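Visitor: Sequence:
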Amino acid sequence: FLINASGFLTNNTLLNVQVYSVNVSVNDSSGNENSTIFSVTVQDTTAPVFTYIDNISVDNETIVGVQFTATDLAGIQNWLVNDTTNFAINSSGYFMSTGLLAVQTYEVNVTVVDNNDNSASQTIIISVSPVVYLPTINLAIINPYAVINGTNVTLRAVAINHDYLYANLTLPDSSIQQINLTRDVDY
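Numbering (the working numbering), first residue to last: 949 to 1135.
Hints in this document: simulated from the structure, not taken from any laboratory. Check before you lean on any hint, since a few could be wrong.
Ranges of calculated distance between the beta carbons of each label pair, as one might list FRET restraints [what the hints assert, rightly or not]:
1. D1031 - Y1000: 18 to 28 Å
2. T993 - L1048: 11 to 21 Å
3. Y1081 - N1038: 51 to 61 Å
4. N1064 - I985: 18 to 28 Å
5. Q1025 - N960: 39 to 49 Å
6. T984 - A1022: 47 to 57 Å
7. D1007 - T1071: 18 to 28 Å
These numbers were taken from a predicted model, which means no experiment stands behind them. Every residue, glycine too, gets a C-beta built ideally from N, C-alpha and C.
Modelling step: build the complete structure from the supplied sequences, incorporating the hints.
Guide: Below, the structure written as structure tokens:
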């Protein structure tokens, strides 16, 4: 600590969180002296500050995993989540789902705690949607050759997960004819 001639007391370095006993003495020009001892309590009342935290959107076949970050002069002690059935967070702020998630919206409260037990919390939204499968087309040759208008052609198309299916047929004269296909039998 430093004290000036007017009696103004300041710290001359960054102080740790604790109680300090300070003895202040004063004397006058006649040599008279007086002193007192008092306590200075240094407290940390500042919560950590999130530097990265955000909402998450995934499909129901994706495991969630994202690094959240926060800062605090006292350092970060711990991270917490309110839904420990579906989510976990480690001591460095790595947030993850505990497995695959059901299709729904989750509201998760994420809390970060500093080394002096100050905390900050934020609610994030995790939106889980069903996975969307795009049609898969596999080529195959169907034998024997199909006959269209008296002409032999080779049909090369098989589709899975389709709503609409067509085939381009290459005729013997090298012309291409597009035909719509329907499925008479479900496999």
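Visitor: For this structure, which hints from the list above don't hold up?
Guide: Hint check: 2, 3, 5, 6 fail, others pass.
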